[in-house]
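Respectively, the protein sequence lines represent chains A and B. Per my numbering, the very first residue in the first sequence carries number 1; after that it's consecutive. Per my numbering, the very first residue in the second sequence carries number 1001; after that it's consecutive.
Hints are not guaranteed to be accurate.
[What the hints assert, rightly or not] Mimicking DSS-like on lysine-lysine, the simulated pairs with C-alpha atoms at most 30 Å apart in a straight line are:
#1 Lys1010(B) with Lys1020(B)
#2 Lys1020(B) with Lys257(A)
#3 Lys9(A) with Lys172(A)
#4 Lys1003(B) with Lys172(A)
#5 Lys9(A) with Lys1183(B)
#6 Lys244(A) with Lys1168(B)
#7 Lys1183(B) with Lys172(A)
#8 Lys1063(B) with Lys244(A)
#9 Lys1010(B) with Lys1166(B)
#10 Lys5(A) with Lys1003(B)
#11 Lys1011(B) with Lys1245(B)
#12 Lys308(A) with Lys5(A)
#13 Lys244(A) with Lys1003(B)
#14 Lys172(A) with Lys1011(B)
#15 Lys1245(B) with Lys1166(B)
#16 Lys1020(B) with Lys1183(B)
#17 Lys1063(B) with Lys1245(B)
#18 Lys1020(B) with Lys172(A)
#19 Lys1183(B) with Lys1168(B)
#20 Lys99(A) with Lys1063(B)
#21 Lys9(A) with Lys244(A)
#22 Lys1020(B) with Lys1245(B)
#23 Lys257(A) with Lys1166(B)
#24 Lys1183(B) with Lys1003(B)
#25 Lys9(A) with Lys1020(B)
#26 Lys1166(B) with Lys1063(B)
#27 Lys172(A) with Lys1166(B)
#28 Lys1245(B) with Lys257(A)
#29 Lys9(A) with Lys308(A)
#30 Lys257(A) with Lys1011(B)
#31 Lys1003(B) with Lys9(A)
#32 Lys257(A) with Lys1168(B)
#33 Lys244(A) with Lys1020(B)
[What the hints assert, rightly or not] Where chain B lies over chain A, by a calculated footprint (3+ residues, C-beta under 8 Å):
#34 279 to 289
#35 296 to 303
Derived from the structure by calculation, the hints contain no laboratory data. Backbone N, C-alpha and C define an ideal beta-carbon position, used for all residues, glycine too.
Take a look at the letters that make up each chain.
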Amino acid sequence: MRGLKYQMKSVLRDKFCLMTFLLPILVAVALHFMGSIDMSSLGELHFGVLENDLSPQTVTWLERYGPVTAYGTQEELTAAINEPSTNVIGVGADSDSLKTAISGDELDIFRQAAATLPSLYEQREAAGQAEIQTLERPDIMESLQGIFIPAVLIVAMFMGCTFNAMNIISEKEDGVAFVNEILPQTPSQYILQKVVVGFLFGSLSSVVTACICFRLSLQNFGLMLALIVLSSFVAALIGLFIGKFSEGLMIGVVYIKIVMLLFLAVPLVCALIGVSGPLAAVCNIIPSQPAFEGIMALSAGSMGTAMKDTGILAIHCIVWFALYVLISTRRKKQAV
Amino acid sequence: MGKGFCALFKKDCRMLASGKFFLMAIGFLALYTAYVNLGYIRFMQMAPYNVYLYDPAETQASKSALVQAVPSIEAMDTALLADANGVGLDASAGDVRVVLYPGAEHIDQHRADYALSLLQPSVSLSPEVLGTNTPEQKARKEITCELLFFELAAVGFLGIAAVLFKEKGMGVIRVHAILPLRKDLFLLSKLAVFLLSDLGFAVLLTLLNTGLADGTAVLPAVLFQTAILSLMMALVGLLCALLLKDFRQFTLAYLVIAIFAATPVFLSANTSVKFDWINWHPFYHVYMGLKNAYFGTAISPVYYAGAVGTIMLLFLAVRLAFHREIGKEG
Chain A
1 MRGLKYQMKS VLRDKFCLMT FLLPILVAVA LHFMGSIDMS SLGELHFGVL
51 ENDLSPQTVT WLERYGPVTA YGTQEELTAA INEPSTNVIG VGADSDSLKT
101 AISGDELDIF RQAAATLPSL YEQREAAGQA EIQTLERPDI MESLQGIFIP
151 AVLIVAMFMG CTFNAMNIIS EKEDGVAFVN EILPQTPSQY ILQKVVVGFL
201 FGSLSSVVTA CICFRLSLQN FGLMLALIVL SSFVAALIGL FIGKFSEGLM
251 IGVVYIKIVM LLFLAVPLVC ALIGVSGPLA AVCNIIPSQP AFEGIMALSA
301 GSMGTAMKDT GILAIHCIVW FALYVLISTR RKKQAV
Chain B
1001 MGKGFCALFK KDCRMLASGK FFLMAIGFLA LYTAYVNLGY IRFMQMAPYN
1051 VYLYDPAETQ ASKSALVQAV PSIEAMDTAL LADANGVGLD ASAGDVRVVL
1101 YPGAEHIDQH RADYALSLLQ PSVSLSPEVL GTNTPEQKAR KEITCELLFF
1151 ELAAVGFLGI AAVLFKEKGM GVIRVHAILP LRKDLFLLSK LAVFLLSDLG
1201 FAVLLTLLNT GLADGTAVLP AVLFQTAILS LMMALVGLLC ALLLKDFRQF
1251 TLAYLVIAIF AATPVFLSAN TSVKFDWINW HPFYHVYMGL KNAYFGTAIS
1301 PVYYAGAVGT IMLLFLAVRL AFHREIGKEG
C-alpha cells in the first residue's frame, strides 16, 4: 500500500501524465459539440457555371441536385473543375440542351452523373411526375459517429498503456529500475503497483469520456463499466510489456505507436468491412477488438454480445497477467 | 569553416544512424508504399448507382443496358437492402414508382431522376474532359502528398526531436559553446542532415507511389516544397528541443500538433468540406503548396515570400534560443 502511495505521488507531480489522461476527454467533448460539422456534402454533386450563360430556370433546375457556383470567366471555371479536392461538374448551354465538362480524374459516379445530365435536362418535365417511395433505415451518419465514439473510448483506455510504458522507460533511464530490483518486494507486488496507477487513471478517463458520449441505462452502465475496467487493465498490462522490452524512450515511442495503430486499426477495419466467421475470432486476440465490439453492442442495445465480449476481456486479463508474472519471475531467477 | 561543417555533418549522420532514424524512415517508406499499392487504390472506387427494375409486363422496352431486371418485388427489396445507394423502379402498376433508401436530399433527387432517365432512349454525350489526370493518377498523387506531409510534419518531426533531446540530454549542445567553431554551424549542419534525408525520402516515396513517368515530371516542384516544409519542421523541432525540458513534454506538444493541426487541414484540402477559418491555419498553406506541386497547379508568389519569411524568423528564434542555451554554460 505504501508503495502505491509513492507511485501516486510521482504521477501527480508529473503534469505531462495528467494531461495525457485529459486528452481523450477533450476529444470527446470536441466530438460531442462538433457533431454539427456537415459531412453530408461529401457525396453531393457540385456544379460550376459561367455567369449569364444559363437561364435562371436552368440554374434553379440544377440546384435541385446540388449547389451551383457561378464563375466570371472560363479560366476560373476550368480551374474550379480541375481543382483536385472537389468534384465540380462544369455545365454550359448548348443551343436548347446542356453540355457538361469534367476534369477526368473523378470517380465513376461523378463521371456518370456528368454524362447523363443533358438527358436528365431533356426529360425534366416527365421526371417531376413520378412517385417516389422512400424506405426507412438507420441514418448512415449516425453509424459513422457511432464508430468514432468507441474509437475515442479505446484511445482513453489506451492511455493507461502509454502512461505505464513511459513511466517504466523513464525509470529505466534514471536508474530507478535497478533500485526497484533490490527493494524488498515480490515481482507481483511490483507489477500490481505499476499496473494500478495506469489502470486507475485509464479507467477514470474512459469513464468520464463514456459519460460525455453515452446516455446509458443503469444496467447497461454496469456492463459498460465492466468493459472499461477490464480493458483498461489489459492496456495497463500491455504498457508494462512495452516498458520491459524497450531500451530507450525513442524505441518505446515507436512501440507505443505500433501498438496504438494495431489497437485502433483492427476493430475499425473489422467494423467497417464487417468481418465474420473464424477471422473475427482471430481478431479477438487484439484486446481492443472485444472492447470495441462490446461498446458497439451496448450502444445498439444487445446485451448478449456485450456479455460475451466482457468474458473475452476477462480471459485477456488473466492470460496477459500470467504471462507477465511468468516472464518477470524467470528473469529475476536468471539475474540471481 | 568548411572542414568544421564537414565534421559536424558527419557526426550528425552517425548519430541519426545510431538512433535508428534512417531505419525508421525506411520502415515507414515500406509501410506507406504497401498501403498505397495494396490498399488505398482499391478502396477508392465508387461505381454509379445501380438501378433495379421490376417490370413483370415488360412495359419498358427502351430501357438502358445499365438497368438490372429483377424477377419479383422481394428480390428488389433484398437488392436494395444490400446496396443502399441503389435505386429500385417498380413498373408493375402501370406508372413507374421509384423506391429508394433516403440519404441527403439533393442526392436522392438526382438518384431518382437518374434512374428514371435510364428508362428513356437517349444518346449519352460524353462530357468534355479538361484535366490530364486519370482517377488512379489523381488518387495516387493525392495519397502520396498526404503521406509525405504526414511523414515530414509528424513522424519525421518526432524523430528530429528525439535525436535533439538525446543530444541535449548528453550535454552536446553545451559542449559546442567551447568548440572553436562558428555557433551557427551547429544549426546549419543539423538542418542540412534533416533536409537531405527528407529530400531522399520524398524522391523515393514519389517515384514508388506515383509511377516513374508521373513522378519524375512533378519531382522538381515537389522537392522544392519538401525543402520548405522540411526546413520549417526541423526548425520547429530544434526550437522545441531547446525550449522544452524533456522529451515527454515534447510528446504532448506533438500530440496536439498531430491531432488539432493536421485533421482540419486534411479535411479542408482533400474534401469539399471547407472551413471559413482555414486560411488562418499555417499548415494549410504549406500543405496546399505541396499539393499544388503534385498536381502541377501554379503557386502564388505571396506563399513563397511568406515561407521564406517564416523560415528566416524561425531560424532567428532558434538562434536566439541556442545562444541562450549556450549562455547558461558560460
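Query raised in the report: Taking 30 Å as the top limit, are the C-alpha atoms of Lys1245(B) and Lys1166(B) close enough?
Result: The hint holds at about 12 Å.
Query raised in the report: Given the hinted pair Lys9(A) and Lys1183(B), is their alpha-carbon gap at most 30 Å?
Result: violated, 42 Å
Query raised in the report: When you check the alpha-carbon spacing of Lys172(A) and Lys1011(B), does it fall within 30 Å?
Result: Given that 30 Å is the threshold and the Cα spacing comes to 27 Å, the pair holds.
Query raised in the report: Does the structure keep Lys1166(B) and Lys1063(B) at a Cα separation of 30 Å or less?
Result: The given pair, whose Cα atoms are some 71 Å apart, is violated under the 30 Å limit.
Query raised in the report: Straight-line Cα separation of Lys9(A) and Lys1020(B) no greater than 30 Å?
Result: violated, 34 Å
Report task. Below or equal to 30 Å on CA atoms is what counts here, so check Lys1063(B) against Lys244(A). Result -> violated, 68 Å
**Report entry** Restraint check for Lys5(A) with Lys1003(B), where alpha carbons must lie at most 30 Å apart
**Finding:** violated, 55 Å
Query raised in the report: Regarding the pair Lys257(A) and Lys1168(B), is the alpha-carbon distance no greater than 30 Å?
Result: holds, 24 Å
Query raised in the report: Does Lys1168(B) lie within 30 Å of Lys244(A) when you go C-alpha to C-alpha?
Result: holds, 25 Å
Query raised in the report: Keeping to a limit of 30 Å between CA atoms, is the pair of Lys1010(B) and Lys1020(B) held or broken?
Result: Satisfied, since the Cα-Cα distance of roughly 16 Å is no more than 30 Å.
Query raised in the report: Quick one, are Lys172(A) and Lys1166(B) close enough, alpha carbons at most 30 Å?
Result: Holds, at roughly 15 Å.
**Report entry** Stated coverage of the segment 279 to 289 of chain A by chain B [criterion: 3+ residues, CB within 8 Å]
**Finding:** violated (count 0)
Hint compliance for this structure: hints 4, 5, 7, 8, 10, 12, 13, 17, 25, 26, 29, 31, 34, 35 are not met, and every other hint is.
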